[in-house]
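In order, the protein sequences belong to chains F and U.
Quick note, the first sequence lines up with residues 1 to 554 if you use our numbering.
Quick note, the second sequence lines up with residues 1001 to 1777 if you use our numbering.
By construction, these hints were calculated from the structure, which means they are not laboratory data.
Because the structure is a prediction, the values reported are computed rather than measured.
Keeping only pairs whose Cα atoms sit at most 25 Å apart, straight-line, the calculated DMTMM-like set for lysine to aspartate or glutamate is:
| # | chain 1 | residue 1 | chain 2 | residue 2 |
| --- | --- | --- | --- | --- |
| 1 | U | K1242 | F | E432 |
| 2 | U | K1328 | U | E1525 |
| 3 | U | K1228 | F | E280 |
| 4 | U | K1023 | F | E90 |
| 5 | U | K1746 | F | E432 |
| 6 | U | K1239 | F | E431 |
| 7 | F | K277 | U | D1323 |
| 8 | U | K1204 | F | E220 |
| 9 | U | K1328 | F | E267 |
| 10 | U | K1239 | F | D81 |
| 11 | U | K1060 | F | E85 |
| 12 | F | K414 | F | E375 |
| 13 | U | K1031 | F | E68 |
| 14 | U | K1029 | F | E233 |
| 15 | U | K1228 | U | D1201 |
| 16 | U | K1236 | F | E295 |
| 17 | U | K1030 | F | D81 |
| 18 | U | K1767 | F | D429 |
| 19 | U | K1029 | F | D234 |
| 20 | U | K1060 | U | E1074 |
| 21 | U | K1031 | F | D230 |
| 22 | U | K1193 | F | E272 |
| 23 | U | K1044 | U | D1244 |
| 24 | U | K1189 | F | E256 |
| 25 | U | K1031 | F | D81 |
| 26 | U | K1328 | F | D230 |
| 27 | U | K1197 | U | E1264 |
| 28 | U | K1239 | F | E432 |
| 29 | U | K1029 | F | E483 |
| 30 | U | K1031 | F | E90 |
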Amino acid sequence: MSENLEKIFGIDLGTTYSSISYVDEFGKALIVPNAENQRITPSVVFFDGGNIVVGDVAKESAKLYPNEVVSFVKRSMGESDFFFEHDSKEYRAEEISSYIIKKLVQDAEQYLNEKITDLVITCPAYFGINEREATRMAGEIAGYNVRQIINEPTAAAIAYGNVDSPGNRVVLVYDLGGGTFDITMIEIRPDAVEVICTGGDHNLGGKDWDDRIVSTLVQEFQNATGTNEDILEDADTCQDLQLSAEKAKKMLTQREKTPISITHGGERVKVELTRQKFEEITQDLIERTIVLTHEMLEQAKEKGYKKFDEIILVGGSTRMPRVAERIQQEFSLNPKLFEPDEAVAKGAAIYGWKLSLNDGLIKRIAKKTSKSIDEIYDSFESTPEEVLKEAVQEMADDTGCALPALERSMVNIKDVASKSFGVVVRNRDNEELIFNLIRRNTTIPVDTKKTFYTAVDNQKTVLIRIMENETTEKTLPAQNAIEIGTAVLHLPSGLPVDLPIEISFKLNNEGRLQITAVESSASRSVEVAVETRAVIQGEELEEAKARCQSIVVH
Amino acid sequence: MERKNFYLLLGLSLDPPETDPQKIEQALKKKQVEWSRYRNHPTKAILAKQYIGLIPEIRKVMFDPRLREVEAAEATKLFRDKEKKKFARIDRHLEIHMSKGFITDEEIAKLAEMHSVGESEIHNRIKIKKEEKFSEIDTQLGIRMSKGFITEAEIDKLSKRYSISSNEIRTRVKCPIRKEGKGQTGKPKKLDKSIEKVINDNLKIINKSSLYNFLDLSPSSSLEILQKKAREEETKFLKIGKKDAIVTAGEALAGHCIAIFKTEESRNAYDVSRARSNLSQLDTDIDVAGMDGKIRAEYFDILVKSAVDFGMDQEEAAEYIEDYCHKKNWNIEKKQQKKRFRIPLAAALAGILAIILVVGVFSWLIKAHQDKKEYKKLLVNVHNQKMPEEKVIILKDFLDSHKKNNYASAAEKILREIQSVIENQEFETLAKNADALLDNQNYEKAATLYRAHLSKYPDGIHAEEAKKKIAAIFSLVDDAAYEGIKQVFERDCEKRISAYIGYLNEFPRGRHREEVRKLILSMSEEYYILIKKKIGFHTQQENWEKCIQFCDQFIDVYEGHARADELKNLRDSFQKNLRDQRIFSHLADEAKLKGTDYAAAKQIYLDYLRAYPDTSVKDKIENELTRLDEIREINRRQQEKDKIRALLRNSGQRFVEKEDSVIIDKKTGLMWCLLDSDSDLGEGLNYESSIQYVKNLTVGGYRDWRLPTVSELVKIYKTPPFFPSVQPKWYWTSKSYSRYADGWSKVIDIVTNKEETAWTKEQADSKQFGTVRAVRP
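Just chain U, with the same shape it has in the complex:
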C-alpha cells in the first residue's frame, strides 16, 4: 500500500517546505492527540490506528533533513501529474484498433514502433484494457442480474456495445438467462448499507477494490473457493504479529468474506450492492437536480437518461430515481399540459359608419342671382364628379375664387360634409384592414394604421376612437407578450430571464410588470445557479472578463438581493484575477524576451513574487518557474549528451548510439544509457537511491534498466576501446554485502571509469554518493 505523504498528512506548509523541527513536532503532537482521540471512534478507529502506527516512521523521516527533503519533493510532485500521459495516447490508438474486436500482431508491432516502446508493453496495455472492459461488463451485468435473471436481449445489447461475442458474455453471467424479461420476481436483497460502508472503509485502508479483489479471486469463483480463501486469509493475518491498521482491516475483511460468501443469497446481495455502488455518481446527479427541494420534470428526464447510461432500463431508472427522491422527501414535478395560446378575438370596432351621400339637389335660396347661378353651376359640377376627392378640389377652387359669394358658407358646408364622408370612408377601410391585421396578430401594423390616421386627422371625428384602438392594441400586445414569456421559454432558464427582462424593457408601463417582476424574483436561485455554472466554466478557462460579465448580468437584475451581494464580492475577486492575469501575461512577454537566459527570465518572475507574495497568479508563476527549471535541465542534459556523442564519434566502431540516448556495445551486445545518473540528474546518488533510479528509468522506450554487474562495467571501462568519459567518476554495481560490525552497514563493489587494463577491486559504503551507468537487458 502506498503510504501517505507526511507533509500532507501533518498538514505542513509546502511552500516553502516546513523545516523547523519545532513546528513539525508541534504539528505531529497535534495530530497525535487527534488520532489518539479517534482511536476508538466507531468508524474512524482503524484509520486512526494506522496513523498512530506511522508515528515512528514520521519521526524518522521528518527529523532527518535529507529524508525530509525527499518527502517534501514528493509532496510537491503529488500536485502535478506527469505520469500516464504517454499511456493515454497509446490507449487511444489501441482503442481504435480494438474496436473491430481484435488486434493483429502487425498492428501491435507498428504501435510499438510508433510510440517507441517494447511490444510487450503494448501487450500489457491490451491486457489491462481488456480487463478494464471486462470489469465494466461485469458491472453492467451486475446491474442487470440484480433482478434475479438476465434476458437474451440484454446480453445481445452488451455484446454489441462492447464488441465482444455474446458467448463470452454468457460465461460471465451468474444467474438464469431468460428469453424475456417477464415474470419479474421481487426485488433482490441488498447488503445492509452500514455493513457496505464498513467493508468499503476497510477495503480503502488495504487498497483493494472489492472483496473479490481482496481474496485475489475472480468475481465468478465458486462459493467453496471463496470461503476457503477467506479462511486462509484470516489465518494469514492472524499469523502476523504486528497488528497494524492493515492487519486489523484485513482481519475484519476476512470476517466479512466468511459471512458473505456463505450462501448464494448473501453473495448475491453483495454483488448487487457492489453494482449499485457504481450508481453513486447518479446519486450525486440527483442531489444536484434536487437542490431546491424538488425535481423539475425536465430534470427528471435527463436523470432517467443518465441512469439508463449506467445500465438500467427505463422503468428501473425511473423507479430508482423516484425511490431516491422519496427518501430525500423531494417532489418530482409532473409534466405540465401545455396551454393552447389563443388570442381572443379583437373587440368589435366602432359602430357603423353612416353612409349618407346626398349629392343632389339642395334647395337653397340664393341671395344673389349671380351667386346663385355660379353656385348652381358649382353644384352641377360637383354633382357630375363621382370621386369625392375631385368634388373637394372643385369646391376648394370655388371657395378660393368666390370668397365673397353669398353661397360661400353653403359651399363650405358641403365641402365639410364631403370631407367628413371621406374621413369616414377612410376610417372604415382602415378599421377593416386593422381587423384583418389583428386577426393575424399583426398588432404593430394595426397600431401604425391607427397612428397614421391620427396624425392625418388629429382632431378628426375618429380621433378618440383611434386613440382607444391604439390603447386596446397595446394591451393586447402586452398580454400576448406576457403570455408568450410565461409559456414559451419554460425549459430554458436563461431564455426565460432574458424574455422577462425584454418584457420589462419593452413595456415599461405594461400591465404585467409586477407579475413579471415577481417571476424574475422567484427564479433568482435558479438563475443564480445557472450564472454560477457559467462562471464556474469560465473560471476553469480563467476567462475572467466573461466571469465579470456574468456577475454583472445577475447584479443588474437582482440589485439589492443577497445573491447579488454575493456575486458583487465574487466580481471584485474576478477583477483582481483579471488584473493579475494581465500582469502575468505581461511578465510572460518580458520573460520571453530573455530567450535562453533562463536565469534572467526566472528573475523577472521572482522579483514580482517577492513584491507581491500573495498574488493570485502565484501558482502560475511557480509553474512557470518550474517549467523554466525543467527547460534548463533539458538543455543541460542535451549538452551532456552532445559531449559524449562527440567523444563517441572518435571512439571507433565499438560503441554506437542505436536509438536516442541508448548506446549499444557491439562487443557484448549490451545496451548502455548514454547519460549516467550524474549527468542525467546533476547530482550523486547513494546506493538506495541508485536502485530506485534504475527502477524508474525510462530511456529509448526501455523500462528494464538495471544496475550493471562488476564484470559488465569492467568490460567497458577496463577493456579497450574504452567507453568515453568526460570526467572521472566511479559507478555502483549490483554486488552488495551487508554485515554487522558496530552497527549494520552495507558495502558495494564499485568500478571507476579510469581507462586502465590493470585495476584493483574497490568498495564503497552504501551511504556514499556515486553514479549509476544503467544497462539492459
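Just chain F, same shape as in the assembly:
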C-alpha cells in the first residue's frame, strides 16, 4: 500500500437521530458507533453551563433541564427567525447542528484513531436552497470540508444499489424519518443510480406521531384527574411526556399495547395505549404520506415512468407496522424495510468514497494521457475504456482496495431538482408573477437561460428576485413562492426601454444555485451571489465558527 485513499465520511444529520459512516478497503460501508457505543446518536443538544453535551445524555437531561435542551433543530434549518437563547447568547439552527456533527466526528476519530477532515452530509430531498445552505454551514461551522450535500433518499438508494444489483429496476424510496417525509422514485442500473422524481413534506415525521400520543396522554390525564389544566404548559411535564410518547411508540411496533404513566403536579396516572388506538389517532398522518406519494407518481408519469418494481422503506418511523401495512394495501406490493436507521449514512459514505476515488482516477488518467486534470474533469465520460480500466487496476494496487469494489464505485449518480426556481416578472397587465427557469424534477446539473426586458427608458438598475416554489408549471402567482434571494444589475445611464437582459440559472449536483445576468447591448454581466438572510453568514458565521472551535462537545 503506497498511498492512503483520502477518506470522506458520510453523515446522516437527522431530525431525531444522526449517524456517521465510512467505507472500508473492501468497499463496504460501516457505521461508526459513538462514545456511548451506540450506532445512532440522538440529535439533541444540551447546554450544560459552559459545556455542550450531545446525544443520549442530552436527551435524558431534557427531563431535568427542559429549557437548556434543544431537539428537532433540523425542522428550523433555514428559518431566519428561529434562535435558541442560552446564557444571553443566540444560537441559530446551523450552529446547534454543528455541535451534533462535531460530536459524531469526534467520537469517530477516537474510535478509528485517525483525523477526519472531509464530509458528505445528507438532507431531505425536499429541502430548498436555504435549508441546504444551512446544512452545509453546519458542517463548516464545525470546522470540516463539506464535500457535498446529497439527498437522503438518493443516499439510501445508493446504499441499496450497492448491496445487491440484479439488473435495472425502478425503486420507490419511502423515507419517513423523525421529522421529515421524502418519497422518491429512483432508477437503479448496474452503472447508474438516477433519481426520477421526488416529493414529500419536511414537516411530517415520527415526531408528529409522538405528538399525537402526547395529546392523547394529556386528555387521559385530564379525564382521570378531572382537571382542565393544560399540563403541557409545564416544561418538565411536556418533556417527560414527549420522551414517554416516543418510548410508547417504539413499544407498539413490537406489542399490541403498552402502559404509560403520566406524572404531573404530584399526581400519577397510569394509562394503557393500544396499537389500535395509536393507529386510529395517527391515521390522517399516514394518509398524507399516501397522498404525497400519489402526487409524486403523477409527476413521474409525465417523465414517462408509469410503474415501479419495488418499494423500500427507510427512516426509523417506517418500523411502525401500520406503514408497511398501508403501503401494501395501497400499492399491492410488499415493501422492504432496508436498514431504516443506517442506509442514509452508509449511502453518504459510499458517495464520499466515490468522490475520493474519482479524484484519484482523474489524477492517474491525467498522467496516462498527459492531459491536465481540468481537462479530464470536463471529458471524463469520453475516457477510453482501457485507460480507465488500467487506472482502476493501478488504484487497487496503490491503495490496497479490492478491485470489484472499485469497479462497483464507477456507478454514475444523477439527481433531480427538488424545487422549481424562477424570477419575478410583470406581464402586460402589469401583474407580478413568477417565471420558472428551472422546474422541479428536472435532472441536475442544469443550466437555463431566458431573456427579459427593461421597463422604462434610462433604467439604472434591474432587480432580480429569485423565487423558490413547488409547482411544475412555467408561471405561477407571486404569492405561491418564497423569495430566497435578490440581486441587482446596475446599468449605465441613457439606455432605451425594452433593453434585453439575459438571465441564466445554473443548478449544480448539490442543488446549489448560481445566477448570471447579462445586459446584451454591452455584454455587461453580473455573477449574482444569492444573498439571503435565512442562512448564517458574515461576521455571525465567523463568530459561530470560532465558538465551535473553542467548545468541547461531549
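Fit chain U to the given chain F structure using the hints.
Below, chain U without anything else, positioned relative to chain F:
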C-alpha cells in the same frame, strides 16, 4: 385570515403606545425566544411557527413610525366595539317579520327605508339569518342524530321551534327517520378527544369553523365529494412554496379530512363530536355547579334543564351529566325525602286542681256574742252569694269595718281560702286555654297568658308552675324555630343564612345556638359564592355601595374567617372605587358646565388624570376623552358640511343633496359624497389609505363607494357649473401605474378642484397625501 395586532401580540403598552424602538426590539426578542422554544412543542408548534413567520412583518410595521401609529390605533380600536350595532337593530326587526316563516318584498322595502340601507343589504341579512338558523338546526339535528336515528316527533318539534316546514328539515337529516324512539342501539362512536383537539387547533389557525367549512362544502355533501375535495385541498397546499403556519395547518387538516371522510362511520363520529362540542358550554355550567366537589340535587335539576335546552332529551341529559360528573369524581346528591314536621304534644299541665268549695257551715266557736252574731250574718251573706268574687268583696268589707272583731282572723282565713279557690280556678282556665293555644302552635300567646298570671300572682300558688310552663314553651319555640330553619329554606342559601342569623338574634340563649353556628360555618363557602355572585353582578353595574353592603353582610357573619379577610380587602377596593366614582361624577358635572367648549371640558379630565394617573376610573375618563374628541369631530364635520351646503344652494340646480350627505349630479346621475376625505377626516390620505377609505365608507346608507375615474372628476371640476369647493385640493383617481425605475413605485392620475375648463393631466406618487371624493355607483 385576520392577522394578530402586533401591539397585542408583543404585549406592548398601549397607553401611551410604546414607541421606543429599543423597548420594542426587547419585547420582540423575548417573544422570538419564546416562539423558538415552542417551535417543536407537541401542541403549540404550528402557532409558534406562524408567529415566527410574522417576525419580518412585525419588524417592518413596528419600526416604521407611520405604520406603527396605524397599528397602535387599531389596537386601541380593538378594545372598543363600534361595529355591528346597526345590524343588531335590523336583525331584531327582521326576526319579528321572519317569525311568521316568510318575509314579503314590501316588508323588506320598508325595512330598507327605515334603516336607510339598500334592499340588497336586507336580503343579505336575511340570507345570513337563514344560514344561522339552518346551522342551528343542523347542530340540533346532529345532537339527535347521534343516537343513530331520528324520530318523527323530534322533527316536528324542531319544525315548530324554528318555524320551518318539517320537509325542509327532513332534507337535512342524514340518518334513518323512525316513528318512535324505541330500540335504541348502542352509543354512536365519537372521535378521539385528542384528535378533535388537534383538528380544532388547526381550524383556529386557518380561521375555519369545521372540516366542512374548511373544504367549503355543506355538511350534507356525499363522502365521494368530500374525499375528492380533501385531496384537491392537499394538492393545493402542497403547491404553495411558502410553508407558513397556515399552509402547515391546511395540510394537516386535509389529512384529517381524508381520514375522516373515508367511511360513513368515521364521518358520523366527527359529526357527533362536532355536535357534542356545542355542549362545552354545558360542561362549564357543570363545572360551576360542581365547584365544591359535589352536585346538589337542586343544581342537578337545573343542569338537566339547561341540557335539554341544548337539544337533549331528559334521559340523555341526565346521563350526560352523570357521566361527566363521574369522570370528575363528583357525587350527585339524591333528593332528600322531606321530613314531616310535627310538634310533639305539649306536656300535660300540672295536676288537677282541687275543687273544694265548702261554703256552708263553719262550726266555730265565737268568742263574743256580738262578734258571733255579726260573723254569723257575714257567713250567711257570704253563703248567699254565689260568685266567689262577690264573696271576696263582702269579706273584705267585713274585715275593713270589723277590724277588732274576734272573728276577723277567721274571716281572713275564709277570704284567703276563697281567694285561692279563685286563683286555682283562673289557673285552671288559663291552662286549658294555653293548651289549646299550644296545640295550635301559638306559643307566644300561651306564654303571654302564663306571664300575665305570673304578674298578677307573683307569689301565687302556681307561680313556680307558670314559670316552668314559660320555660317549657320557650324551649318548644326554640326547637320549632330550629327545626324550621333546618328544613324550610333548604333551597335558598340566602334565606337559609338569614334564618340562621335570625335564630341567633331571637334566641340569644337558645339551646341550638352551637348547632346553628356550625350550620352557618358549614355554609361559608356556599354563602361566599353567593355573595361573590351578587358582588359580581353589582360590580358590573358599578354599584359599589351595594358591593360594600354585601361584603359587610358576609364579614358580619364570618368575622375572622379567611374568606371574610378576603372580602375585607375587596371592600377596601370597593370603597376606593366608590370614592373614585363620586369624583368621576363630580368631574363629569364640571365638564358638562363647559358646554361646547370641549377643550376646556377635556382639560378638566386631563388635569385630574395627571394628578392621579392610577385612578380606577382611568378607563372611564379615557372613554370620556375619546367621546369628547368624537363629539368635537362630529361638530367639525357638521361645520364642513354646512359650508358646502351653503355653496350648493348658490350653484344652480345641477348638484342636489338627495339624501343626507349624498350629492346627486343631475347631469351625470352619479352620486358624490358631500364631504371629501380631507373634510371628513381632517387629514390627507396616501393612495393605499385612500383605497381603504372608500372601501370602508358608509354614507347615506350606501356602502359601495369607490374612487372616481379621471373623467368622472373632470366632469364635476372642469365642466361648469362646477362642484363647489371651499379650498384648493387635488383628488386621487382610480387610474394607477406601477413601474420599476430605481425601485418599484406607483403613480396615480389626479385631478384638482380648480375651476377651469382647460386643464392638463397631472400625476402624483402613491406615497403623497391627497384627498378622495368618493363616488357611486
